[in-house]
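2 protein chains.
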Amino acid sequence: MAATVQDAIMLLGDSLTQGGYELNGFAAKLAHVYNRKMDVINRGFSGYNTDWILPVFEQVLYTPCFATQHEQQHVPKVRLLVIWFGANDAAPPPKDQHVPLDRFRANLRKLLWMVRSPESPRYSPDTRIVLMTPPPVNTAQRERAQRAKSPLKELDRDFEMTRRYAEAVGEVGQQESVPVVDLWGKLYDAAGRKEESLEEFLTDGLHLNEKGYAVVFNELDKTIKVNYPKYHYDNMQSVFAYSFDILANNPDKYMELTKKRSAFPE
Amino acid sequence: MAATVQDAIMLLGDSLTQGGYELNGFAAKLAHVYNRKMDVINRGFSGYNTDWILPVFEQVLYTPCFATQHEQQHVPKVRLLVIWFGANDAAPPPKDQHVPLDRFRANLRKLLWMVRSPESPRYSPDTRIVLMTPPPVNTAQRERAQRAKSPLKELDRDFEMTRRYAEAVGEVGQQESVPVVDLWGKLYDAAGRKEESLEEFLTDGLHLNEKGYAVVFNELDKTIKVNYPKYHYDNMQSVFAYSFDILANNPDKYMELTKKRSAFPE
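Protein chains in written order, with the UniProt record's numbering: chain H, 1 to 266; chain V, 1 to 266.
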């Protein structure tokens, strides 16, 4: 029994993505507003950097069976892919998670290439992409959180370092013509451009709390609406009829009325 | 690009299921505890009864392409199917949503047959099923909520009527040897077996609030743990390695360490 009859939004990222169903997070909110229109597939991998995600993404994109061209039209597609990395790549050396800035940029480009290049074995012309920058780090809050752990841990992130990785995401997006959600800038602005005020949006100086995730959802929502209006939930319909349509038409005709339809109205 | 590389839990139901990603609902909580182990696919259809769901479920189970037996092993499977109906079937006649009790029981049996019978075109021997009863209705709260709508609406549910549909789910589960989450009983007990105290768990006398959904999650969690321990998240592992395993082994070997593995440890 196959699981999918709806197209999907795939969220690819690290712990910030993996935690997206907690705390009324952005994954839960997306899944709710897209209900009956697209599924939300969380492919967040806590602790991962862009080096490690490359072999995983290849497997995530694995197509489980060969479909004829006719059948392929009916295979549920990933319509939106949200790529959100940098929070771990920016771990200062000698941390093993660290990925140098140049390789970070190259890795992001590889992810884009895998989906967008006709030469890629994973080429997916129906998939639209959004990049997101890592949120700003509150260094002092992070240090306190690390020192409160048992056994005690050392500070492992830095405000200035993560800022550079956020900028790199913006550069790659601009060069490759992919829309970027600048969470670094939006959250820093929301905190009055004061590092210590970021505590309002972060649990431990690195990860987002409910208020931080609300900013993620709102900014991503706007970015989809502006850049890919066809794939915004406001412009889609449910794959199966709404009950009020069944009731308003003729409930006895439910067999006919409940036939699967495209989520994209003509 | 196919969306799934993980097996799935499918939630099949009405608005109570559809709303499961809101309010820290049971779908969001399931998706969080099963992260990197199984996807949660919400197939909740607001307003639907068991008559209408039958043709939809056939389409939901549609397999998008033919796989050879070897390939079939790699197709992501629905491992757990949660069936939760009755809240709309129990709408008192002459409401168009009403499904008589005998047909309600027969419809539930048809859903089970579709998945469990080798004669069914949708036969899925790897899928385990859980039935859930509708929650109890707070008639007075429902009447107030309906009368507050604009335009004003009439009372459309009844405590005693829904109780009988909850009982019917229990009977079908017992006859067919399918575990049942008795939400009706659990919520009524939690409200001290007083209809008016159900307000603590319901938004409008019919739908659940955050506290009501917490009961749903906890009871479903226990039912999976007891009846299908292999498919409980505590007994599964992530499909791709945890970052601390990569770091503890040898980060340079990440290509090898990030190979997809079964979510069920040997």
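The hints are simulated quantities; they were obtained by calculation from the structure and are not laboratory data. Just so you know, not all the hints are guaranteed correct.
Unchecked claim - Here are some, though not all, of the chain H residues that point toward chain V, as calculated from beta-carbon distances under 7 Å: (1) L247; (2) A248; (3) N249; (4) T258; (5) K260.
What the hints assert, rightly or not - Simulated DEER-style distance windows between Cβ atoms: (6) V:A148 with H:K153: 50 to 56 Å; (7) H:A190 with V:P125: 50 to 56 Å; (8) V:P92 with H:G192: 53 to 59 Å; (9) V:K253 with H:Y123: 26 to 32 Å.
Just so you know, even glycine gets a beta-carbon here, dropped at the ideal spot from N, CA and C.
**Prompt:** Taking each numbered hint in turn, which are not upheld by the structure, reported in ascending numerical order?
**Reply:** 2 and 3
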